[in-house]
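Student: Note that the numbering used here has the sequence shown beginning at 118, numbered continuously upward.
Think of the hints as simulated: they come from the structure by calculation, not from any bench.
Predicted, not measured: the structure shown is a model, and the values here were computed from it.
Don't take every hint at face value.
Computed Cβ-Cβ distance ranges for the label pairs, DEER-style [stated by the list, open to error]:
| id | residue 1 | residue 2 | range |
| --- | --- | --- | --- |
| 1 | E335 | K314 | 40 to 50 Å |
| 2 | R401 | E256 | 39 to 49 Å |
| 3 | S454 | G426 | 27 to 37 Å |
Taking lysine-lysine and the DSBU-like style, the derived pairs with C-alpha atoms no more than 35 Å apart in a straight line are [to be verified]:
| id | residue 1 | residue 2 |
| --- | --- | --- |
| 4 | K351 | K362 |
| 5 | K310 | K351 |
| 6 | K434 | K389 |
| 7 | K389 | K351 |
| 8 | K314 | K362 |
| 9 | K314 | K351 |
| 10 | K211 | K310 |
| 11 | K362 | K310 |
| 12 | K362 | K211 |
| 13 | K362 | K434 |
| 14 | K434 | K211 |
| 15 | K351 | K211 |
| 16 | K389 | K211 |
| 17 | K314 | K434 |
| 18 | K310 | K434 |
| 19 | K389 | K314 |
| 20 | K310 | K389 |
| 21 | K211 | K314 |
By construction, the Cβ of each residue, glycine as well, lies at the ideal position given by its N, Cα and C atoms.
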Amino acid sequence: MIDLSLLSDGGMGWLDASGPHSDLVLSTRIRLARNLAGRVFGVRNSAGEREEILTEVRAAAEDVEPLDHAMLIRLDQLPQLDRQLLHERHLVSKDIAGLDPASRVRAGSALLVQNDIGVMVNEQDHLRLQGLKSGFALEAAYDGVNDADSELGQRLAFAFHPEFGYLTSCPTNVGTGLRASVLIHLPGLVLTKEISKVLQGLSQVGLTFRGLYGEGSEVVGNYFQLSNQTTLGKSEFDLLDHLGKMVQQVITYEEQARQVLLRDAPSVIEDKVWRAYGLLRYARSLSFEETMNLLSGVRLGVGLSLVPGLSLYALNKLLVHTQPAHLMASDGPGEVSGVEVAIRRAAYVRQTLEEEAGRAA
Numbered sequence: 118m119i120d121l122s123l124l125s126d127g128g129m130g131w132l133d134a135s136g137p138h139s140d141l142v143l144s145t146r147i148r149l150a151r152n153l154a155g156r157v158f159g160v161r162n163s164a165g166e167r168e169e170i171l172t173e174v175r176a177a178a179e180d181v182e183p184l185d186h187a188m189l190i191r192l193d194q195l196p197q198l199d200r201q202l203l204h205e206r207h208l209v210s211k212d213i214a215g216l217d218p219a220s221r222v223r224a225g226s227a228l229l230v231q232n233d234i235g236v237m238v239n240e241q242d243h244l245r246l247q248g249l250k251s252g253f254a255l256e257a258a259y260d261g262v263n264d265a266d267s268e269l270g271q272r273l274a275f276a277f278h279p280e281f282g283y284l285t286s287c288p289t290n291v292g293t294g295l296r297a298s299v300l301i302h303l304p305g306l307v308l309t310k311e312i313s314k315v316l317q318g319l320s321q322v323g324l325t326f327r328g329l330y331g332e333g334s335e336v337v338g339n340y341f342q343l344s345n346q347t348t349l350g351k352s353e354f355d356l357l358d359h360l361g362k363m364v365q366q367v368i369t370y371e372e373q374a375r376q377v378l379l380r381d382a383p384s385v386i387e388d389k390v391w392r393a394y395g396l397l398r399y400a401r402s403l404s405f406e407e408t409m410n411l412l413s414g415v416r417l418g419v420g421l422s423l424v425p426g427l428s429l430y431a432l433n434k435l436l437v438h439t440q441p442a443h444l445m446a447s448d449g450p451g452e453v454s455g456v457e458v459a460i461r462r463a464a465y466v467r468q469t470l471e472e473e474a475g476r477a478a
């Protein structure tokens, strides 16, 4: 099995709840799509070409300060469980990990990762640079990725058009190649039934939303990924500024919705929060969706100061460590039934909450 302890913070520093507005915003991600000039794009190139691209990118990364000690992980040489582990930690996309039943891992698929900067090589594009930060931190996340991009761009010739900008395999990424996303928890807007209005408003101003694991994932536990839709015709600064202003508005709406709930239905909210905590603390079997929804209720309680002595960091960790691959790997690799996964999930949640209660005491 892959040893994720070799990565700084296990590749999960973004979970530490240290960033701005971390009670609402779990993480900020910046992704830049790049392709090498003169190379066939990833959807049509051969296995040999992908190996050449990986060699070229790896050599360039060794001379770039943000990546000069990066760990190389060959996804095409990993079993599915390890690839799923990396995906659950938000280090790789579902596409490059080959997790869809109809897909497979392409030759030359790899991840370079150092601290909070990662580069997926031979995904849909030749390179996808990614930065993850705790909380609402668009500028800090972008600065780290931009530094890596600028230094790599001095050593690699990127496919660029003077009119259209950076060229990508998917037309929706042409231009800046920038996708910025914020993972935010919005139970107040869901409970006050204002969420549809807010999401519709975001779509009208060029933003989109997805679930916990981005494109193709469903919204569970009231966790939404808000991101820009357009990459062409605007600068990186304009895209980040627009997303930042819209997310700030959503944060304000969510905080107002929570105050309405406390004012109009305090006993209902307290009951919802403590029921969720009780089930998590003592349940012997938990499904993934049930766990996400219960964690959402408890997280709301922590945000409203209804549940003392429980850290956001512990709740953030539970979002990842209760995912299927983490639970299947917890006692070593091997076949594990769905029933056993649900039992392991409940046991891990109980242990974590018990430890938190002990620290609080």
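Student: Report the numbers of all earlier hints that the structure fails to satisfy, in ascending order.
Tutor: Hints 1, 7 not satisfied by this model.
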